[in-house]
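Chains A and B, in that order, give the protein sequences.
Here the numbering used here is used: the first residue of the first sequence is 1, the next is one more, and so on.
Here the numbering used here is used: the first residue of the second sequence is 1, the next is one more, and so on.
It is worth saying that the hints were derived from the structure and are not from the lab.
A quick note: this is a predicted structure, and the numbers were derived from the prediction, not measured.
Please note that a few of the clues may not be correct.
Listed next, the in silico DSBU-like pairs over lysine-lysine satisfying Cα-Cα at most 35 Å (straight line) [unchecked claim]:
id	chain 1	residue 1	chain 2	residue 2
1	A	K71	B	K79
2	B	K63	B	K79
3	B	K79	A	K44
4	B	K63	A	K71
5	B	K42	A	K51
6	B	K59	B	K110
7	B	K42	B	K63
8	A	K62	B	K63
9	A	K51	B	K57
Below, a sample of chain B positions facing chain A; criterion: calculated Cβ distance under 10 Å [claimed, not checked]:
id	residue
10	A10
11	L11
12	S20
13	A89
Each residue gets a CB set at the ideal place from its N, CA and C atoms; glycine is no exception.
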Amino acid sequence: NAGVMQNPRHLVRRRGQEARLRCSPMKGHSHVYWYRQLPEEGLKFMVYLQKENIIDESGMPKERFSAEFPKEGPSILRIQQVVRGDSAAYFCASSPAGSRYEQYFGPGTRLTVT
Amino acid sequence: EDQVTQSPEALRLQEGESSSLNCSYTVSGLRGLFWYRQDPGKGPEFLFTLYSAGEEKEKERLKATLTKKESFLHITAPKPEDSATYLCAVRGSGNTGKLIFGQGTTLQVKP
């Protein structure tokens, strides 16, 4: 029973490049959440998506960041023109339909911007 | 504003020495309090969900309890493999699935 899958596990980008992070939810889960963990800081919510629909993006930076969860395929978190401050661990979580359920996390993608 | 505060930040225990971790929360209408365990370099691992004051959940050496203002994670006779960071989170106010996390308590259990 596969858990939440994220890839790549590690990603190195130069300043100004684009980063694409992918997340496949657990089987049977239709809700996806993205969180960011900056060095020495706690987990911060970024965005909550259902298939083809953004439910809550209140934690997303206004510029350069976008997320999608298409009808087919994984959820994508996209960061354009990365800066050093984007270096962090990005975690995806999933839950069954309905936001009242607990969220199960993937192993994370560690983004390093050089 | 929804807020979660965990204490202590770090805790060192000898193997077998029981203790408790605290999670204080402020949220408008609690819709779930969650405990997770996070090992270095890994994603958070779900442990418990609590919904109402007085509720308790247990799993092996861990027991989570909930009051109207805080939650405790009691660790009974810990072992070195219990060493990890323990995270507490609440579901945010309003119709949202977002979780608001505390900073975590890093537990080290020495043999």
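Each hint, compared with the structure:
With a C-alpha separation of about 45 Å, the suggested pair A:K71 and B:K79 falls outside the 35 Å cut-off, and the hint is violated. With a C-alpha separation of about 15 Å, the suggested pairing of B:K63 with B:K79 holds against the 35 Å cut-off. The straight-line distance between the Cα atoms of B:K79 and A:K44 is roughly 30 Å, inside the 35 Å bound, and the hint therefore holds. Note on B:K63 and A:K71: the hinted pairing is violated, with a Cα-Cα distance of about 40 Å set against a maximum of 35 Å.
Straight-line distance between C-alpha atoms of B:K42 and A:K51 comes to about 26 Å, which keeps the hinted pair within the 35 Å bound. Pair hint B:K59 plus B:K110 holds up; C-alpha atoms about 21 Å apart against a cutoff of 35 Å. For the suggested pair B:K42 and B:K63, the alpha carbons sit about 23 Å apart, so the restraint of at most 35 Å is met. Proposed proximity of A:K62 and B:K63 is contradicted: the alpha carbons are some 40 Å apart, above 35 Å.
Pair hint A:K51 plus B:K57 holds up; C-alpha atoms about 33 Å apart against a cutoff of 35 Å. The closest approach between the C-beta of B:A10 and any C-beta of chain A is roughly 13 Å, which is over the 10 Å cut-off, so the hint fails. Given hint, B:L11 at the interface with chain A, is violated; its Cβ is 17 Å from that chain's nearest Cβ, farther than 10 Å. Because the beta carbon of B:S20 sits about 20 Å from the nearest beta carbon in chain A, more than 10 Å, this interface hint is broken.
Hint status for B:A89: holds, given a least beta-carbon distance of 8 Å to chain A, under 10 Å.
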